[in-house]
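Asks: Residues per chain, in single letters:
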Amino acid sequence: ELKVEQNPLFLSMQEGKNYTIYCNYSTTSDRLYWYRQDPGKSLESLFVLLSNGAVKQEGRLMASLDTKARLSTLHITAAVHDLSATYFCAVDIIQGAQKLVFGQGTRLTINP
Amino acid sequence: KAGVTQTPRYLIKTRGQQVTLSCSPISGHRSVSWYQQTPGQGLQFLFEYFSETQRNKGNFPGRFSGRQFSNSRSEMNVSTLELGDSALYLCASHFGGEPLNIQYFGAGTRLSVL
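Going down the list, the sequences are from chains A and B. To convert a position in the first sequence, counted from 1, into our numbering, add 4. To convert a position in the second sequence, counted from 1, into our numbering, add 2.
The shape of chain A in the complex, shown without the other chains (with noise of 0.2 Å):
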């Protein structure tokens, strides 16, 4: 059974810091996604990662992925206020269809 873990689940930090989110997966998979949700909000799309050494950056998010490893991280810099939510990775496993497998989320605070 396929599993996807994230750590940490919570994280609160100071505007300005940086800090990584990290995602480990259980088996190989084709893609691996990275998702915002704000509080009562739905899941917006942030990074789609493809293959093995893929990097994708928009603004100060930044996210790597590690297909040997079955590692993908997100790399927050110089973190602002707006950034705080919950971040969710999720990974496709079935070609073509779409069977996402999310992890736990972790919620993000960033505080003044």
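Just so you know, not all the hints are guaranteed correct.
Straight-line alpha carbon distances no greater than 20 Å define the calculated EDC-like cross-link-like pairs of lysine to aspartate or glutamate that follow [said to hold, decoys possible]:
hint : chain 1 : residue 1 : chain 2 : residue 2
1    : A       : Lys103    : B       : Glu54
2    : B       : Lys59     : A       : Glu48
3    : A       : Lys7      : A       : Asp34
4    : A       : Lys103    : B       : Glu77
5    : B       : Lys59     : A       : Asp34
6    : A       : Lys60     : A       : Glu48
If you want the footprint, here are the derived chain A segments under chain B, 3+ residues with CB under 8 Å [stated by the list, open to error]:
hint : stretch
7    : 24–31
8    : 70–76
Read the hints as simulated data drawn from the structure, not as lab findings. Ideal Cβ positions, reconstructed from N, Cα and C, are used throughout, including at glycine.
Use these hints to put chain B onto chain A, whose structure you have.
Replies: Coordinates of chain B only, in the frame set by chain A:
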């Protein structure tokens, strides 16, 4: 371009009742997936429909069912509701077949079972 639309946004039901949730995907998207989100179990895949056919199913009891219509709109039905069915139900759509397979999520239907 309109996003994924889910109706209703909120529902309150009692145990034993049944409920139907609706999802209209982004125009042109052929695949619709359903997920259940709870504080205890997180986000769990329910099923996926593509061109009116169920293509994948998660580990949920038979009380959970769905269907997709020819216009790609999808409905999810839960019969004989239990307290544990209280959750946020999210629908996601994607075009189907493209390399990235990005799923776009609706705002969800929050179901409370009393």
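Asks: If a hint holds in the structure, say so; if it does not, say that too.
Replies: So, going through the hints one by one against the coordinates:
{"no.": "1", "hint": "A:Lys103 / B:Glu54", "verdict": "16 Å, holds"}
{"no.": "2", "hint": "B:Lys59 / A:Glu48", "verdict": "23 Å, violated"}
{"no.": "3", "hint": "A:Lys7 / A:Asp34", "verdict": "15 Å, holds"}
{"no.": "4", "hint": "A:Lys103 / B:Glu77", "verdict": "18 Å, holds"}
{"no.": "5", "hint": "B:Lys59 / A:Asp34", "verdict": "19 Å, holds"}
{"no.": "6", "hint": "A:Lys60 / A:Glu48", "verdict": "16 Å, holds"}
{"no.": "7", "hint": "24–31", "verdict": "violated (count 0)"}
{"no.": "8", "hint": "70–76", "verdict": "violated (count 0)"}
The structure shown violates the earlier hints numbered 2, 7, 8.
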